[in-house]
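Using the hints, position chain B against chain A.
Protein sequence lines correspond, in order, to chains A and B.
Once you know that position 97 of the first sequence is 97 in my numbering, the rest is easy, because the numbers rise by one and skip nothing.
Once you know that position 29 of the second sequence is 1029 in my numbering, the rest is easy, because the numbers rise by one and skip nothing.
Calculated from the structure, these hints are not laboratory results.
The structure displayed is predicted, hence computed values, not measured ones.
Zero decoy hints are in this set.
So the derived list for chain A, only partly shown, Cβ under 8 Å to chain B, looks like this: (1) 44; (2) 46; (3) 87; (4) 96; (5) 97.
Just so you know, even glycine gets a beta-carbon here, dropped at the ideal spot from N, CA and C.
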Amino acid sequence: DIQMTQSPSSVSASVGDRVTITCRASQDIKNWLAWYQQKPGKAPKLLIYGASTLQTGVPSRFSGSSSGTDFTLTISSLQPEDFATYYCQQADSFPTTFGGGTKVEIK
Amino acid sequence: QVQLVQSGAEVKKPGASVKVSCKASGYTFTSYEINWVRQATGQGLEWMGWMDPRSGNKGYAQKFQGRVTMTRDTSISTAYMELSSLRSDDTAVYYCARRNLAVVAEDYWGQGSLVTVSS
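The following block holds chain B by itself, in its conformation from the complex:
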């Protein structure tokens, strides 16, 4: 079965960086884009960007341009999202999700990774 398993919770200080991993299993990793979405406590869903694991092509939301980097390691079917220059308002749960182009939607999601930014 398709699974996306994310790395655990992190606590970071303002100005630091965080790197969240998303390990895929149960399907061909390079056949589906990976999207990253975050959610602050009690708030809605905010899309951050996407990456094509096959080509490495990626696109980021303008809000995160210059601070976010999405990469992948196809040998271990893992996608990464690194966010730098962290601020307190980056405190959120970060999700990876598989974009299924056949349905044009995110059909599988990781369990989420809580990132807390606090001094």
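Bound conformation, chain A alone:
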């Protein structure tokens, strides 16, 4: 199975901060990488697919990029509603696998 290593596991940030989350795949997954946001007690929500394409309705302060097997989710200016846990997911090969998650907390 492809391992997805996500870092950091948690980050404390303030409103307006730029936040970067990284996900590293254990092998080439082309750009079949998605990012999800999950708030407590809620289902995950798709933010980005294909490593860099924003899902409809997702604010433009979210962006995704890739370099080889390294993938990055950036929140350009953190808003109060962005405090949540973020997961990456590879969909290149069976079985699909998720990263361990990054909790974005209020500083």
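Below, chain B alone, put in the same frame as chain A:
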């Protein structure tokens, strides 16, 4: 609008089985795969398997092979996930999610069904 509505919370004893349902609306049920993902309290997301409602084809994560069965009833646009031989570490929230092959990601999720395994 697309909705996936799951069945309610369940409490089961070790060794029992549980069957969670996922009713789809707002789109053509047979046009999108359904994936099942679970999440233990305070833990990450764990993929369990997928099913194509049109063909009935399915695939399961190796960890759950022999214990999980995914089925569907196309007449009522509902997918099911049954997990048998339950253990305490199967206590989790179980989600169904629609796999959109155009974006290769799960674009809609059910609200989750809490399954508690306790003696």
